[in-house]
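Q: Protein sequences, first through last, are from chains A and B. If you read the first sequence in numbering that gives the first Met the number 0, its first letter stands for residue 0, the second for the next number, and so on. If you read the second sequence in numbering that gives the first Met the number 0, its first letter stands for residue 0, the second for the next number, and so on.
Just so you know, these hints were derived from the structure itself, not from any lab. Keep in mind that a hint or two might mislead.
[To be verified] Which bits of chain A does chain B cover? Going by a derived footprint, with three or more residues having C-beta under 8 Å, they are: (1) 256-262; (2) 287-294; (3) 302-315; (4) 338-351; (5) 369-380.
The C-beta atom is built at its ideal place from N, Cα and C for all residues, glycine as well.
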Amino acid sequence: MTIRLQGHGLRAVPLLLVVGLLALSPSARAAPTMEVRAVIGMGGWITPAETAPLRIDVRSASPVDGVLAVEVPSGIRGGAPVTHLVPLHVPAGGRQQANLDVVVHDPRRPVVLVIREGRVERARHEVRIGVGRVVDGVVAALTQEAAGLEFLAAMEGKRRAAYLTEADLPVRWQSYDGVDLLIVRDLEPRVVLSAQERAVVEWIAQGGRLLVVAPHRLTLSEARWLRDLLPPRGRRTYGRGVVEVAAEDLFAPDRRARGDLRNQVLALLDDAATPSAADPALSTVLPSTRPLSGGTQLALAFLSLLYVVAARRLLHRCGASRGGWIAMAAFVGVSTAVLHTFAAGARTAATSLSQLSIAEVLDPLGQARVTTYASIIAPYGGRFVVRVPDGVTARTLTDAPVTYEEGRREIRGSTPAGQISLVARQIVTFPLSARRVGPDILVVAGGGSRLQGLVLYRQRQLYRLPSDFGGMIRLDPSRWEPVDRPGTLGVDVAGRAMDLIFRQLDRTVDATWLVGPIADDRLGIRTERPAGDDAVRLAVIEVR
Amino acid sequence: MRVNPVFRSDLRHRLTSRKAAAMITVYLAVLGALAFLSLPPDLGRLDDLRQESLLLAFIIVETVLAAYLTSATASGEIVVEGEKTMWDLAASPFPPGVIGRGKILTGATFALLLMGLGTPFLAILSGIRGEPLQALARAAVVALPFAAALGALGALYAGVFESDFTRSFVHWLTLLVLVVGATALPAPWDTLSPVRLVMLAVRDGWGLRVFLGAALYAALAAAAGLAISRRVDAIRGTAQE
Chain A
0 MTIRLQGHGL RAVPLLLVVG LLALSPSARA APTMEVRAVI GMGGWITPAE
50 TAPLRIDVRS ASPVDGVLAV EVPSGIRGGA PVTHLVPLHV PAGGRQQANL
100 DVVVHDPRRP VVLVIREGRV ERARHEVRIG VGRVVDGVVA ALTQEAAGLE
150 FLAAMEGKRR AAYLTEADLP VRWQSYDGVD LLIVRDLEPR VVLSAQERAV
200 VEWIAQGGRL LVVAPHRLTL SEARWLRDLL PPRGRRTYGR GVVEVAAEDL
250 FAPDRRARGD LRNQVLALLD DAATPSAADP ALSTVLPSTR PLSGGTQLAL
300 AFLSLLYVVA ARRLLHRCGA SRGGWIAMAA FVGVSTAVLH TFAAGARTAA
350 TSLSQLSIAE VLDPLGQARV TTYASIIAPY GGRFVVRVPD GVTARTLTDA
400 PVTYEEGRRE IRGSTPAGQI SLVARQIVTF PLSARRVGPD ILVVAGGGSR
450 LQGLVLYRQR QLYRLPSDFG GMIRLDPSRW EPVDRPGTLG VDVAGRAMDL
500 IFRQLDRTVD ATWLVGPIAD DRLGIRTERP AGDDAVRLAV IEVR
Chain B
0 MRVNPVFRSD LRHRLTSRKA AAMITVYLAV LGALAFLSLP PDLGRLDDLR
50 QESLLLAFII VETVLAAYLT SATASGEIVV EGEKTMWDLA ASPFPPGVIG
100 RGKILTGATF ALLLMGLGTP FLAILSGIRG EPLQALARAA VVALPFAAAL
150 GALGALYAGV FESDFTRSFV HWLTLLVLVV GATALPAPWD TLSPVRLVML
200 AVRDGWGLRV FLGAALYAAL AAAAGLAISR RVDAIRGTAQ E
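Only chain B is shown next, with the shape it has when bound in the complex (with noise of 0.2 Å):
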């Protein structure tokens, strides 16, 4: 089976690298630590949580920062070390099309990889709690392709806007927008917050709203590969002109 090369050696780096192993390191550390802090057996007796279990509001916490790790390290707000830039892949003999699949498929992988890596942390509330931990099973289905999405467009970020500032600041907008704005629609437009949709597949199961959730944020990273691809195209046309 042929794989895809960029994604092949984009994840290398972001598994092996020093960096990426800090910044692993540091996400679960903070999931740990979440975990322990929500030990005290008060804490799940709070109005607030009651309404909304603990296991949910962690699992709403590892969505968002799996979301943020994937997409700062694709658009290079994090920087791994022997990760390839678009501007890179654009020089290289690779079309246009791989490029954008492989920038796509490296960050549903690495936010796979996250999501799986915190498991063990949620299986601690889970059992402490008494709470199914089919909840991440569900929240999964949103989870990823939210996380994906702005993983490819991370990607995207990094070809098309060149100043770092520039591209951490519409980055963190696109952040905003999605976890805070999103959730402050009005129904039934707050189900495009990837916030509502775990807390309706966690809580309600896998419905009509929570799939068209998933595939509206899976067709944006497909629309974000496809714009990554252009790019490059218009990378590569202006190299030759």
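Just chain A, with the same shape it has in the complex (with noise of 0.2 Å):
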């Protein structure tokens, strides 16, 4: 058969040669050259207002210099999203990871992921939740076999679990938040990075639950980290947190239909753990506003009647004369200049950081949880900036759109309502220690001359010590003082805060506990101009 092409047929042929050509260009057929792979929380569950890990692994095929912005919805009106930069430098067939700490408010919408060079947006990625996948807490297995832990979907509350791979271990103990026990059957210590390792040690000292099957499965020679945390058979609380082993495999099937591993899992989530003296409610004892000061407020005063005094004069001496216009715009100029310059100085200067830090002493590990309540004021609005040091992760305390500089380590935004308050976590080395050697005689080690004006609180009494009682005290039982007699503790902000301190360790019962103001400038975060903040540093730990 011929086919005669002829008229409109043979126009066709260069167009069809051109689509041709372009259909096997190298740019229609390359792969894509980047790909963006990202998991958020702990084996994908996300529990409301919780730090979630977020996980996110780019490949590129081209080198990127660039930055990787994370922009995770805000729950509040308008939508503007949380945003975190974080730097990006890929080589050429290369891959970098980075591992976040977000808190996901709205989960019906996207998590979004976007990659610029420049001002050129190279890639987009979403990922999406779902409100299904929000839980009131996690039980995270480290197994081989996803199965075992089906029990707790019938379970009062919504509780799920997640079965996890040694990669899947958060890098930062902040992002347990949402795990309510840690559970370790089958370990590879070799690809556990150290940091990994220290997040699971941090989080159980600070109250974490970790539950360890079968110990002769893993081999322990190689995670010592986990070999320190175990204890030599049953349970042992490591800071305030717990470990238990299982020397069976609760999750062989016999063990699970026995419901072994249903009693001993649930047997650790009711053991209810150590209340935090740090309460959310801390936050509320520190200012939200500041008024100018009376100096910058005397100065535009003077500046304002200056102002007056100057154009009457102007006016009389220049009002009738020629050009007298041109010296009064010139004067009205040069004034408005100077006080709009004065007025937006006194607005930036007006901004400053006001912040409680709570060190619960973890005893005996040397350590202490900080938690920093800070509040952000700028009475007058703009923006503002607070560095994060290092070791410290903070977040705002409610929902705000601010920016998250992971790089810099830098937290930026504007508070339209005047004040915003956020929240640092971080662990320090705090060697203090507190002992009863005696019915009425008291030990204090460590420390040093950080701690000025403790006291020691037991059931709404306080025992006031002395500034130089040199590390032993012999304690007078008749000066226990009553808390809540009025003027006790004060009304500045380290008053109230060891107000609802005490409130908090009251439900620990039959405890006495140390607690007091000590100087160390390690706890909370930093400003750009420290000179107008204030920080009231307090340390809390139980005496044994």
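With the hints as a guide, bring both chains together as one complex.
A: Shown next as structure tokens:
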């Protein structure tokens, strides 16, 4: 059969050739040059208003030198996102991993990942969550076989199982916020990063619960961090946390069928954790606004008065003269510039940071968990920048569209309402201990000159320790005073904070606490101009 | 360049006389006090003021004050020593048109001076609250024609109403009708109100409604100037009879 091309048919040939060439061109055939993968939550589960880990993996065929912007939808009106900015430097054919802690306020909307080089958007990826992935708590299990914890779904409340691999373990303890219990059954120690090891240990130290199943299956000789946590048998406390060992493999089918795993897990979950003294209510004792300083107000009043007097004189002298209008315009222009500059400077200077740090000593680990509540006060609104020191994680206490500069360790944002609250958490070395060596003899070790004005607290009773007791003091029973007597604690930030802390401590029955201010610059966050900032730092330690 | 002689004379007295100086001082002191009273941070967080910014509120107060002072001095409610009323000028050799234009120019220039003198206090608010100072420039497009129109009307009232009480009554009635009454009108008639026009100009910038409003007040000023000329003619006619 012969096909003869005539008329339109002939003219279509070059068009087909062009289309064919375009289809075969390298740009059309090439595979995507950039691949972005992201996993959010512990096993994909999210707990509302708690920190959730977000692991992002970027692979690129071509080099990338830009920034990865992670936009987490905020729940506030208007939907402005919370943005995390991560510097991205990927060589050709290379990859970069980023581990972030995000707080998901609106799981209905996706988390958006955008890779930009300069102003050019190189890639965009959406991580969908959905309300079905929101739970009250997670029991995470490091096990090769993803089965055994199905009973959780039938329990009261919405607690779910997350079966993890070593790669899924978070690198920061804050990421375990939504985890109620971590079970370790299968572990390859050689693939666990030191940051992941440290995160587990630090999480347990401050109240986490760990169940190690069948330790004989593990190569503990290569996981010293885990071996050091384990009790010889049964259960031990580590800091404020609990570590329990089940000698038998509770995940074995027969054990599961007998309910052994269920019973052990539920027993651990029912074990009430030690309440934290650093309740979020402490943020309410911080100031939320501040007037301009007296000096600034006086200077503004003086400049205004000066302007009125000068305007009157100038009008009298130049009002009738030729060129008087030019002089008047120049005078008004200069006065406007001066007063505007002064007022704008006063506005910037009025921005300050007020923070309250509670260092809860994790005796006998020689560490303290520090929770800092910070109030960034910009009385007239405007932008703020706070610096987050290494080892500290900080986030807004309420939903707010701020930007976390992960590379520069800064939080930037604006305060349209004049104030924004942050909470920062860290673990610091804090070798302080308090022991009763006799019925009325107290020994305080460590701390040194950082401790001043300490008090002993026990069930609404207070005992003020002298500033120079030299580590050991014989307590005089007659010197205990009631906390509830008006004026005992004072009405300043420290006094009101101690009142709230004591109410938290009352939840632990029959315990005596050492509480007091400490001078320690490691605690909390910083601003660019710390001159106007104020900080109250309190240590809390249980007397053993 | 020949300057309108009526305008030149009136303005010289308004700028240099003791009473005018005292009036401007009081005006500036009031604006300064308002600026100072707006310093407490919590004031900007009151619900009403969050909706309508403090800077806008200040511009409205400044506009109304400037308009009142311009019309009050023109109508003789605030007498400025040396300034000639329409009755005096009717006896002068100046043509009626020169007198009418001179009165309009005096009102417009005096309003411009008052608005300009208030700018540094606006700058305090703008600097402290972080709001753009350009808002004043936007508002001036409406505020100046409004104040100039009231100044021209005031000058007209000075020639029409011989009784001080009647003149003051009509002057205040005009102010209330334009500032309060027009603001209470339903949309879109409320854009006749200078308060609404200033709000529109500051919030949304220069739009058609803003320019129409400004043109309306400029036309009102021109009409008042024409009426002043006619009134001078009428006074001269009566005097000749």
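Q: If a hint holds in the structure, say so; if it does not, say that too.
A: Results of checking the hints against the structure:
Given a C-beta distance limit of less than 8 Å, the hint that chain B covers the segment 256-262 of chain A is violated, as 0 residues qualify and 3 are needed. For the segment 287-294 of chain A, the assignment as covered by chain B holds, since 4 residues bring a beta-carbon within under 8 Å of that chain's beta-carbons and 3 suffice. With 8 residues having a beta carbon nearer than 8 Å to a beta carbon of chain B, the segment 302-315 of chain A meets the requirement of three or more and the stated coverage holds. Coverage of the segment 338-351 of chain A by chain B holds. Counting CB-CB distances below 8 Å, 10 residues qualify, and the rule asks for three or more.
Counting residues of the segment 369-380 of chain A whose C-beta lies closer than 8 Å to any C-beta of chain B gives 3; at least three are required, and the coverage claim holds.
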